[in-house]
Structures are given as C-alpha cells and as structure tokens.
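K.L.:
Going down the list, the sequences are from chains A and B.
Quick note on my numbering: the first sequence kicks off at 170 and runs consecutively.
Quick note on my numbering: the second sequence kicks off at -6 and runs consecutively.
Keep in mind that the hints were calculated from the coordinates and are not lab data.
Built from N, CA and C at the ideal position, the CB exists for glycine as well.
Each hint should be verified, as a subset may be incorrect.
Simulated crosslink set (SDA-like; lysine to any residue; CA at most 20 Å straight-line) [unchecked claim]:
1) K103(B) <-> T348(A)
2) K422(A) <-> R276(A)
3) K422(A) <-> H128(B)
4) K421(A) <-> P84(B)
5) K344(A) <-> M51(B)
6) K344(A) <-> M101(B)
7) K327(A) <-> R276(A)
8) K334(A) <-> W85(B)
9) K71(B) <-> A343(A)
10) K71(B) <-> L333(A)
11) K422(A) <-> P84(B)
12) K344(A) <-> E97(B)
13) K71(B) <-> T342(A)
14) K327(A) <-> E79(B)
15) K327(A) <-> A337(A)
16) K334(A) <-> K103(B)
17) K334(A) <-> E97(B)
18) K171(B) <-> D198(B)
19) K334(A) <-> V98(B)
20) K71(B) <-> K422(A)
Beyond 10 Å from chain A on every Cβ pair, some chain B residues (computed) [claimed, not checked]:
21) S4
22) F77
23) S95
24) E105
25) D161
26) E162
27) D248
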Amino acid sequence: MTHAEPHQKQRLAFVLWGPRTAGLLVLLFLGLILEVLVASGIADPSIVAAPSEMLMSLERLFTKDNLGAAFLITLAQALSATLLAMLIGLPLGWTLFRYEVLGRAYRGWLAAMFAAPLVLLYPLFLVIIGRNYGTTITMGVITGSIPVALYTCEALHKVSPTLLKVGAAFNLTAKQTFTLIQVPAAVPDAFTGIRLGLIYALVNIIGIEFLIDFGGLGRVVSTMFFRYDIPGMYAAIFFIILISLLFLTVLKKVERWLRPV
Amino acid sequence: MTATLEVRNVSKTFESDNGDRIQALAPANLGVKQGEFLSIIGPSGCGKSTLFNIIGGMIPPDSGEVIVNGVSVSGPHKDIGMVFQEESTFPWRTVLDNVAFSLEVAGMEKKERLEKARHFVELVGLTGFEHHFPHQLSGGMRQRTAIARTLASEPRILLMDEPFGALDEQTRLLLGDKLLKICDALKQTTMLITHNITEAVQLSDRVAVMSYRPGTIMRTIDIELPRPRDSELISTDKFAAYVGQIWEDLRTEADRGMKAVGEA
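Here chain A stands alone, though its shape is the one from the complex (with noise of 0.2 Å):
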C-alpha cells in the first residue's frame, strides 16, 4: 500500500460525506434556532411549532391517527398512478418520436402542459368522478404521464446514430433494431420521465387529497388543520418530506444504476 492510498481514501470520503453532514448540521442548527424563537416566545406558536413539540407529535399521529396506514393509501395511489402514467406515456412518447408530424405538432403542448398547473383540473374530476380514489389517482396519471411521454420521445431521439449504424451494418430488421438497440439506449433517460412522472404523480395525490379531505398523507394534513393541531400538522408535513426525500434517494440509485457514467 502507498502512502498515498489513505489519505486519497480520506479525501473521497471526505467529498462523499462532507457535504451531507454540512447540510445536515444547517439543517439542525435551523431546528435549533426555531426552537428558541418558539420557546422565547418571538414566534407564535400557534403558528410555527416547536421543533421538539412537531417531533413528539410525530409518535401521535402514528399511533392514534394512523399515519402509517396514511402512507400505505398515497403510496399504492402514488405506484398505481405512476403505473398508469407509463402504461400511457411509453407510448405516446414513442408514438411522438416515430411519426415527426405528430411529434412536432404536439410535443409542444405537452411540454407547456407539463409546466401547467394541473391540479387545478381537480374540482372537473371530483364532479366527474367522485370524492374518491379515481379522482386522486386520475389527477396522478394526468401530471405523471406527461413527463414520461416527453423523456420517452426525447430519450429516443437522443439515441446515438452510430449506434443505430451498427445495427444497420449487422442487418437487424426494424424490431430487432428497436428492441436490441434503441429501447436499451433509450431506458437512462425515459427513467428520468418516469421518476418525474411518480414525484408529479405523488405531489399532486397529496395536494389533492388535502384540498378534498380524502385518501392518505395528504387527508392527515387536512385533518391537523382543521383540527387546529399546529404541531401535528407540521409533524405531517416533515414525515412527507421525509417520504419525498426517501423517493427520490431512491429513485436517483436506481437512475444511478441504469446509467454508470
């Protein structure tokens, strides 16, 4: 071994872990301040709760208001939506990139309807469907599909030439070159619209199940609210960041895995 190994194994985990224990510690020392301002009585705190009240809430909603059985709903609601976004956004994206006109007549529209406040699309849907899971799973495959659609059609279009003259050169037919060379190439970057499609899918289910009082996370929420639980409320709110960031860690090790470089 050199002398130089260790020190280099310092250094990586240095640049690996330096920055999450920086933001960590921000993140803390944040907490911190929140809590003297609420207990000096600076922040209302029937406005902002107490960090360690919040925490402590935390164990309540578990036990009395079924948080975790909360979870379960918005997620199966989130995974079923993300399901349904793929089963219609793969298609469409690959019918947008294989005929141009299509493509370039509505990629457009999906590109301003993806930055397009959706969820307010909601009360059509909850006097369509109902107060019920249709309408949040509804709203989920709408904001979901759009993005997987988009990435699907762009992932397709990114794939190098070379590559598909390899399979010209090899004598693949249309389907082989499809499915050997440009579905492969292709599953980076269309993951990336289908872990957008699930985020969108699962924000706009929580934001729709808060606006009905209905459903999982985003029912808790509500019910904090109107029960005027403040520190209950933000317990909720932190447990879905929480979940959000799960998500996405997630999601990024899977994108990681697909694509190495």
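Starting from the known structure of chain A, arrange chain B on it as the hints suggest.
P.N.:
Chain B alone, transformed into the frame defined by chain A:
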C-alpha cells in the same frame, strides 16, 4: 487473384442545406484481394467516409456498384463487417455481451455464442475484462471491443473507418500492432479508411491515395515491407520513404482542400 471486393465507377453527389450540389465522389474504382490489407488515405473532406458508407451499404451510390465475391450488392451485406470511428460499443452490455451481439442476432445458443465471443475477446487482448462495461474501459479497449464484435460475425471483409482516429499516437501505434497480429492470424481481408500516413504504411499491403473533392482514387502504392510487422518498423528508412512518397501525393490535395475550406 480476383478481387474479393470491387468498387466499380462509384460516384456520389450530395445536396447541401442551401441547395448547392456537392460532388463528394467522382467515379471511383478500387479492388481488394482476398487476405489483403488495403488502406484508403486522403485529405479531410475527400469523400473517404462517403466511400466507406457506400461500400458498407449505409448509403446508395448515385452510379456504379459494389461487388463482393463477384456479386453486386446493395445495402448492408453479411460478408462486410464495419467498424466505426465514433464510440460504437453498447454501453448497457459487458465486453463479452457486446462481442456476442451479432451471434445473438443470428440466433446462436447462449452457451455457444459466449464461448465463441470469448475467443474473439482473447484475440483482441481483452481477457480479464469480459465482464467490464464500456465505461470502465479506456478508449482503445472500447475500440478493440468494437473490432472483436465485428470479427465475431466472421465477415469476409473487415471495413474500418478511422477506428483509432480518436486515440493518442502511442495508443494508435500499439493498437496497430494488435490489429496486424489479428489480421495475420485470421488472414482477414481488410479495408481501412484513414488520414494517418504512418498508420496506413504500418498496416497495409497497399495504400490507395484519394484526391480532394470530388474524391477519386489517384493511385495505389504497394507497401513492400516484410511481414510480420510491428511498430518498430516506423524507424526504418524504407518506412520513411513510403511515408514521404505518400505525403508527396497528398500534399497538393491537402493544400487544395485547405484552400477550398478557407474560401467557403
């Protein structure tokens, strides 16, 4: 000996975005014999890659024909294996799976194709890297993987478009040595497109020199250097004489090309 590959009166004209017609290839004629290593050298923009794409069946010629073993061919042909200048390994496949690609397409059983692929991995000197992905390899190793993948399909003619173009000079020379050994071992008929005179002389039995646009074969030079060869050859007087001779032919054309680009 009859030619394994023959290019007969092949020409090609492209239309530019502003509607100008650019004649990339004037009628070009060329033949490659069984087991021969022929390099085509020419200045930038002389239509080397156009000729490569026409021979490989990637684009059709405006006139003329490409004949493989006496049969006129159009489109990609199983007897011609192509190696591209750009990165062409499949990033989602390991070295072994990359090399086994053509065998998989041909429907060969998994065990058999992996066994055969291993042979070609060994041939290009990548034993020990079978389960590495392309991003874990150097540029030279990735290009060797691409060559092994093409060789695994057992083409009669190996057609390469500046396969070492993106590599540094030392790696290029060493890979040239490797390629010489492979071609000697397989008695592989090879056509190499290059703009590197040293590479052309080091590897070839014959070098065809192309003119600047519209590209055509100006003349071919027999490289009468002993085989087996390696890169030590480049320090000999005879090698230098061939390089000088080719450069003499190329200089005027390269100069013409530079002026044309400057005027454009």
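K.L.:
It remains to establish, for every hint, whether it holds in the given structure.
P.N.:
Hints versus structure:
Between K103(B) and T348(A) the CA atoms are separated by roughly 18 Å; this keeps the pair inside 20 Å, and the hint holds. With a C-alpha separation of about 29 Å, the suggested pair K422(A) and R276(A) falls outside the 20 Å cut-off, and the hint is violated. For the hint linking K422(A) to H128(B), the alpha-carbon distance of about 18 Å falls within 20 Å, and the restraint holds. Taking the CA atoms of K421(A) and P84(B), the gap is about 19 Å. The hint holds against a cut of 20 Å.
Between K344(A) and M51(B), the direct Cα distance comes to roughly 18 Å. Compliance with the 20 Å bound is thereby established for this hinted pair. Distance hint between K344(A) and M101(B) is fulfilled; the C-alpha atoms sit about 18 Å from each other, no more than 20 Å. For the hint linking K327(A) to R276(A), the alpha-carbon distance of about 15 Å falls within 20 Å, and the restraint holds. As the CA atoms of K334(A) and W85(B) are separated by approximately 17 Å, the hinted pair is consistent with the 20 Å bound.
A distance of roughly 17 Å separates the Cα atoms of K71(B) and A343(A); the hinted pair therefore holds under the 20 Å criterion. Taken as a hint, the K71(B) and L333(A) pair is honoured in the structure, with Cα atoms around 16 Å apart against an allowance of 20 Å. Of the pairs offered as hints, the one joining K422(A) and P84(B) holds, with about 18 Å between alpha carbons and a cut-off of 20 Å not exceeded. Pair hint K344(A) plus E97(B) holds up; C-alpha atoms about 14 Å apart against a cutoff of 20 Å.
A distance of roughly 13 Å separates the Cα atoms of K71(B) and T342(A); the hinted pair therefore holds under the 20 Å criterion. With a CA separation close to 15 Å, the supplied pair K327(A) and E79(B) stays within the 20 Å bound. A distance of roughly 17 Å separates the Cα atoms of K327(A) and A337(A); the hinted pair therefore holds under the 20 Å criterion. As the CA atoms of K334(A) and K103(B) are separated by approximately 24 Å, the hinted pair breaks the 20 Å bound.
At most 20 Å may separate the alpha-carbon atoms for a hinted pair to count; K334(A) and E97(B) meet this at roughly 17 Å. With a CA separation close to 16 Å, the supplied pair K171(B) and D198(B) stays within the 20 Å bound. Between K334(A) and V98(B), the direct Cα distance comes to roughly 15 Å. Compliance with the 20 Å bound is thereby established for this hinted pair. This hinted pair does not check out: K71(B) and K422(A) have alpha carbons roughly 41 Å apart, beyond 20 Å.
Look at S4(B): its CB is around 22 Å from the nearest CB on chain A, clear of 10 Å, so calling it non-interface holds up. F77(B), annotated as away from the interface, has a beta carbon of chain A within 10 Å; the closest lies near 5 Å. Its beta-carbon lying about 5 Å from the closest one in chain A, S95(B) breaks the requirement of being farther than 10 Å from that chain. Listed as a non-interface residue, E105(B) keeps its Cβ farther than 10 Å from every Cβ of chain A; the least gap is roughly 18 Å.
Chain A leaves D161(B) outside its interface by the beta-carbon criterion, the shortest separation being 21 Å against a cut-off of 10 Å. Distance to chain A confirms E162(B) as a non-interface residue, since its nearest Cβ pair spans about 23 Å, more than 10 Å. Separation of D248(B) from chain A is adequate, the least Cβ-Cβ distance of about 31 Å exceeding the 10 Å criterion.
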